[in-house]
Amino acid sequence: MSKSIESETLSTQIRDSLRDDILAGRWGAGDKLQLVALTKHYKTSSTVIREALTRLVGDRLVILKPNRGFFVPTLSLDEIKDITELRCVSEEFGIGLAVKRGDLAWESELIAAHHTLERTPYREESANGELTEAWDRAHQAFHAKLLEACGVPVLIDLASTLSDLAQLYGRWAGRATRFVDRDIAQEHRDIMAAALDRNAGLASRLIRNHYEITLKAILESGVEKEAAEPGLEKAKA
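Numbered per this note's numbering, the sequence shown spans residues 159 to 395.
Bear in mind the hints are in silico, worked out from the structure with no lab data behind them. Errors might be hidden in some of the hints.
Dumping the calculated DSS-like pairs for lysine-lysine here, alpha-carbon to alpha-carbon at most 27 Å [claimed, not checked]:
| no. | residue 1 | residue 2 |
| --- | --- | --- |
| 1 | 190 | 201 |
| 2 | 201 | 223 |
| 3 | 239 | 223 |
| 4 | 239 | 190 |
| 5 | 223 | 190 |
Using C-beta positions, here's what the derived DEER-type ranges look like [what the hints assert, rightly or not]:
| no. | residue 1 | residue 2 | range |
| --- | --- | --- | --- |
| 6 | 225 | 345 | 43 to 49 Å |
| 7 | 234 | 184 | 19 to 25 Å |
| 8 | 239 | 359 | 20 to 26 Å |
| 9 | 212 | 374 | 30 to 36 Å |
| 10 | 363 | 193 | 42 to 48 Å |
| 11 | 355 | 227 | 46 to 52 Å |
| 12 | 359 | 198 | 48 to 54 Å |
| 13 | 345 | 193 | 38 to 44 Å |
| 14 | 283 | 193 | 32 to 38 Å |
| 15 | 179 | 314 | 48 to 54 Å |
| 16 | 370 | 197 | 40 to 46 Å |
Glycine residues also receive a C-beta, built at the ideal position from the N, C-alpha and C atoms.
The task is simple: from the sequences and hints, build the whole structure.
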């Protein structure tokens, strides 16, 4: 393997690790991402860390402030409203195409992704009862598989980016969303059934409802107020 390929592979691995840690809530909204601390934690060079952070800026999971450095995004309820609406519109269109274009292999893979989601523990057994990282990954994989058969790479990439941003808000609002009156497992069963039945209209409506319920929980969680309190700009190792 050439040095350039090795470097690209390492950069991708660190980028993925940073992404996972951000989505898991290792840092809070507005926290500064210290290069020295990150270099030590991930046991790599500052060059690799900077490159990975720059790539995450493109994914909107990291903010670059001139002369100040890299930060986790701050919270904005207006932004999560826009993110949710864009997710709804794009995925309503995407699921319509997927239902038309998806083959038997797609159906089988969708069922498998749903099976993994159903069998993955939903919340931590700790007092906080936050969503497990494994469930978050299975959840994203299921929704990604729903759209995969649409065959539009730009739409799939957009959906992935919006999913990450929505997951970040959901992670920060995690404790409050425990008390939302919903059966999320049944929501996923209904969405899958509609997709397998090739009922694009129903699948689209169910996806919108699924995301709007989550939005409602986030809006009622108070996360924006928490993020505005002093201390969240404090750098964390």
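Outcome of the hint check:
1. Between the alpha carbons of residue 190 and residue 201 the distance comes to roughly 19 Å, so the proposed pair stays at or under 27 Å and holds.
2. Of the pairs offered as hints, the one joining residue 201 and residue 223 holds, with about 25 Å between alpha carbons and a cut-off of 27 Å not exceeded.
3. With a C-alpha separation of about 24 Å, the suggested pairing of residue 239 with residue 223 holds against the 27 Å cut-off.
4. For the hint pairing residue 239 with residue 190, the CA-to-CA distance comes to about 25 Å; that is within 27 Å, so the pair holds.
5. Restraint check: the Cα-Cα separation between residue 223 and residue 190 comes to about 10 Å, which is no more than 27 Å; the hinted pair holds.
6. Checked against the hint of 43 to 49 Å, the C-beta distance between residue 225 and residue 345 comes to roughly 45 Å, which is consistent with it.
7. Take residue 234 and residue 184: their Cβ atoms lie about 21 Å apart, and the range 19 to 25 Å holds.
8. Separation of residue 239 from residue 359 is about 24 Å and conforms to the stated range, judged on CB atoms against 20 to 26 Å.
9. Checked against the given bound of 30 to 36 Å, the beta carbons of residue 212 and residue 374, roughly 35 Å apart, stay inside it.
10. Distance hint check for residue 363 and residue 193: the Cβ-Cβ separation is about 46 Å, which falls inside the suggested range of 42 to 48 Å.
11. For residue 355 and residue 227, the Cβ-Cβ distance of about 50 Å falls inside the hinted range of 46 to 52 Å, so the restraint holds.
12. Between residue 359 and residue 198 the C-beta distance comes to about 53 Å, which sits within the given range of 48 to 54 Å.
13. Distance hint check for residue 345 and residue 193: the Cβ-Cβ separation is about 41 Å, which falls inside the suggested range of 38 to 44 Å.
14. Distance hint check for residue 283 and residue 193: the Cβ-Cβ separation is about 35 Å, which falls inside the suggested range of 32 to 38 Å.
15. Distance hint check: the CB atoms of residue 179 and residue 314 are about 24 Å apart, inconsistent with the given range 48 to 54 Å.
16. Evaluation of the 40 to 46 Å hint for residue 370 and residue 197 yields a pass: the beta carbon distance comes to about 41 Å.
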